[in-house]
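Trainee: Assemble chain B with the ligand onto chain A, guided by the hints.
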Amino acid sequence: MGTLEKHLRERRDSGRKLLMPYVTGGITDDWLDVIRAYEDAGADGVEVNIPFSDPVMDGPTIQAASDQALRRGTTPRTVLSELRGLDVSIPLIVMTYANIPFRMGYRRFVEECIQSGVHGAIIPDVPYEEMDAWEEAVGDADLDTVMLASPISSDERLAKLTARSRGFVYGVNVLGVTGERSEVGTWTADLAGRVKQITDLPVVMGFGISSPETAAAAAAPSDGVIVASAIMRLLLDGGSALEAGAFVADLRRAIDGV
Amino acid sequence: MTTTPTAADSIMGDVPDGRFGRFGGQFVPETLVGACQEVEHEFRAAWADEAFRGRLDGLLRDYAGRPSPLTLCDRLSDELGLRLLLKREDLNHTGSHKINNVLGQALLAQRMGKKRLVAETGAGQHGVATATAAALLGLDCVVYMGAVDMERQKLNVFRMRLLGAEVRSAETGSRTLKDAVNEAMRDWVATVESTHYCLGSAMGPHPYPFMVRELHRVIGTEAREQCLALDGRDPDVVTACVGGGSNAIGIFSGFVDSDADLVGVEPAGGAAVGRGVAGIVHGSTSFLLQDDHGQVQEAQSISAGLDYPGVGPEHAHLAELGRARYESVTDAEVLDAFQLLSRTEGIIPALEPAHALAWVSRAREELAGKTVLLNLSGRGDKDVAQVAEILGEL
Ligand SMILES: Cc1ncc(COP(=O)(O)O)c(C=O)c1O
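Chains A and B, in that order, are what the protein sequence lines are.
Under the numbering used here, the very last position in the first sequence is 507; numbers go up by exactly one each time.
Under the numbering used here, the very last position in the second sequence is 395; numbers go up by exactly one each time.
All clues stand as given, with none of them false.
Some but not every residue of chain A turned toward chain B, in silico, with C-beta under 7 Å:
(1) Ser302
(2) Val305
(3) Met306
(4) Gln312
(5) Pro325
(6) Ala347
(7) Arg352
(8) Pro373
(9) Asp374
(10) Ser399
(11) Ser402
(12) Leu424
(13) Gly425
(14) Val426
From chain A, some residues computed to sit far from chain B (all C-beta separations above 12 Å):
(15) Thr252
(16) Gln364
(17) Gln446
(18) Leu485
Treat the hints as calculated values from the structure; they're not laboratory data.
For each residue, glycine too, the CB sits at the ideal point set by N, CA and C.
In isolation and in its complexed conformation, chain A is listed as follows (with noise of 0.2 Å):
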């Protein structure tokens, strides 16, 4: 079992409820404070997303916050160089999309990975029929690769991806690309109830999670939460790490009380 899912397993089985915040590699200069803010807020691992020019499943404010990191200059390899020297105990996993590791080519980018101490990593646009490659790539490493379960995934599809799914797995909570939303809808528990018939992987939600009230609520049916674009939207409003932090804080209370 890799370090991610042993991690987050032992923190799900104590009975405690997931908390990983995302942040934007090269969003701004000081991001690696960012990440040693949510650890202090008491995230259990941390989403750090390698920017990309078309980012299909974001909307309006990842893609800003990605703008912001490729204006700055940001490219993979500084994402993972800078992550080299962090000093962080909680698990890291990269989140960006294929053509990234792609030109890079997979193997070189999972070697860079284990070698910026990543645990884990989300391709969004590679379902499991087009995985075969990258799984090759990864082959004994110790980087999780994370599955996303769709709300409109069928019973056989859900089977599919949790099978290749390590570390945990990812659930939608909405049709629809990331963003912030008021309200957790009724797809979520459905779709949390769903995957956890199938395995005792931890199941995390994530899209529209925006306040601690709908991280609560996504929190309750399943083993814990992602939040994204409402940090990103603090951070790109001129927000300090410090200030993300205290909003992690806010939402680690609220699932602490689920």
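Mentor: Coordinates of chain B with the ligand only, in the frame set by chain A:
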């Protein structure tokens, strides 16, 4: 019943696994995989269904005006020292080849019980065709178009709105075709239960490159028969412009098993095949303009319809097999060709197929005495205002 595959089948035949050699695939988010599979399943069923084919053929004939003529260009042939045949897709209803694909996909959407179409458009020709088919079949229609393209193709924006479609501007990135595709995919991810994505070129995730090719195969099939009727033989060269690659793949499909040379023509500022670097965007692996880090680069072309950094995966495959070759031409050469065809033949072409003519004109020595079939994929009305601005008073 199974038929024995022939050599041609293995090049431009069925694509059961969505792969064209090392290109193609279905690189889409989990939410869209089921929808892509449904489109494939329904398309295969429809394609084997005589009633569906009859309905589509009827619309192509009685509504779109097929078959499109084959025109022998006497004066221009003399001027270039070769024999130039034009496949007149410009004479189709809505003014381009795009209608072939759209009528098929709109009927398919209806068959799947989808009440809404989304589409991307560059020059606006695919958007106009989609809006037209939606009006014809009583479907809702939303077309995404880059803000830059909305400006340079105002006439088509107005046409789409007149046809009852909603045109939404894509304001991100280069604000051209690539960004319109991003927005259309984002829309589809959110609306996939009620909406069919009517993709406008032979690109995107499986089954689109295959399906769009099959829906444009009519161009090549007709042209081959027309060439045989006229000359008793195949042309020496078949050429077409390549943006995403739909008009080119349509005409190539009729000649892939002939001895004709197949030549795709890209804009110099968007020569994805010409540069030959593989990448993954918009659902498939193909050649893609990108930087060293994998960020997609913006294409630069006078023609909104070719201003796209990628290319359909089958073209990448044909290039790698050596069955087709790909040339590129500059905006200046295109403007010359645009005027040349207008003056010598009384046909104002769209800027896109003017690319193919620009190559023919440049390569006239190599082509001396040969019969060249050019897919005239659209008419130039949409481009006249833009060209007038560039050329000033004639
Ligand atoms: C007339 C015409 N030809 C060609 C194209 C390019 O598309 P494709 O390469 O798919 O044929 C367009 C696209 O807008 C067009 O309008």
